[in-house]
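Numbering (the working numbering) for the sequence shown: 120 to 308.
Quick caveat, the hints were computed from the structure, so don't treat them as lab data.
It should be emphasised that the depicted structure is a prediction, and the values quoted were computed from it without experimental measurement.
The C-beta atom is built at its ideal place from N, Cα and C for all residues, glycine as well.
Mixed in with the good hints, there may be bad ones.
[Claimed, not checked] Computed beta-carbon distance windows for the label pairs:
1) G249 - F161: 40 to 48 Å
2) V276 - G249: 38 to 46 Å
3) Q271 - N246: 45 to 53 Å
4) D252 - T210: 53 to 61 Å
5) E194 - Y154: 34 to 42 Å
6) A187 - K268: 18 to 26 Å
7) T181 - S211: 21 to 29 Å
8) M266 - T127: 17 to 25 Å
9) L175 - Q259: 40 to 48 Å
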Amino acid sequence: MTKAVWTTMTEIILQYTGLWPTAFFTIVALMVVTYKVVCGMFFSADDFVPIKRQPLHLGDMTEEELRAYNGSDSEKPLLMAIKGKIYDVSTSKIFYGPGGSYAMFAGRDASRALAQLSFKPEDINGNLEGLSDAQLEILQDWEYKFMDKYAQVGQLVPKKTPTENKAEEESVWDRTSAEGIKSRYAADE
120 MTKAVWTTMT EIILQYTGLW PTAFFTIVAL MVVTYKVVCG MFFSADDFVP IKRQPLHLGD
180 MTEEELRAYN GSDSEKPLLM AIKGKIYDVS TSKIFYGPGG SYAMFAGRDA SRALAQLSFK
240 PEDINGNLEG LSDAQLEILQ DWEYKFMDKY AQVGQLVPKK TPTENKAEEE SVWDRTSAEG
300 IKSRYAADE
């Protein structure tokens with residue numbers, strides 16, 4: 120059997136190249152060696168090592184802030200949220216980056232769309248109300264995949280209303296002004 124294969128290969132190589140198999144394989148080997156030598160002169164193995172980013176932690180952010188991380192700015196990481204947890208999906212730019220098959224999910228909480236296996240723009244949100252048990256199970260599988268593959272870098276928080284922002288600013292102002300007055304009186308004594 121092996122002799123028949125060798126004979127067939129010899130005939131084919133001789134017919135198409137006009138060379139005996141030993142000459143043909145010698146030329147192929149020399150071409151490979153030449154390629155390796157020439158590439159080694161211009162490129163080192165370090166040129167092909169992917170750049171590793173330091174793990175980042177962005178903390179709490181609103182959906183509006185998350186939208187800035189959709190891949191439109193190459194300096195920013197590519198982020199996506201599932202069930203309120205924000206993941207850095209920069210290592211999968213081919214899928215989540217501009218032009219990727221899941222690009223519409225980047226910079227968004229895509230929980231509902233993933234649970235429903237939907238690409239409809241109206242489904243790309245974090246609202247889990249009305250999902251069936253089967254859909255919630257699908258979403259849980261997606262979450263496990265993201266937990267295994269990507270680093271969690273933050274958590275989605277609801278957008279603060281103007282009254283909440285004002286109340287927070289006033290409480291900070293009251294604390295700082297009261298502390299400032301106390302420290303001034305303590306310094307005078």
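Here is how each hint holds up against the structure:
1. Separation of G249 from F161 is about 58 Å and departs from the stated range, judged on CB atoms against 40 to 48 Å.
2. Restraint check, V276 to G249: a C-beta distance of roughly 23 Å breaks the suggested window 38 to 46 Å.
3. Checking the proposed 45 to 53 Å range against Q271 and N246 shows it is violated: the Cβ atoms sit about 21 Å from each other.
4. For the pair D252 and T210, the beta carbons lie near 32 Å from each other, so the given range of 53 to 61 Å is not met.
5. Range check, E194 to Y154: Cβ separation about 36 Å, and the 34 to 42 Å hint holds.
6. Between A187 and K268 the Cβ separation comes to about 23 Å, which falls inside the hinted range of 18 to 26 Å.
7. Evaluation of the 21 to 29 Å hint for T181 and S211 yields a pass: the beta carbon distance comes to about 24 Å.
8. At about 53 Å, the CB distance of M266 to T127 disagrees with the hint of 17 to 25 Å.
9. As the Cβ distance of L175 to Q259 is approximately 26 Å, the hint placing it in 40 to 48 Å is violated.
Hints 1, 2, 3, 4, 8 and 9, counting from the list given before, are not met by this structure.
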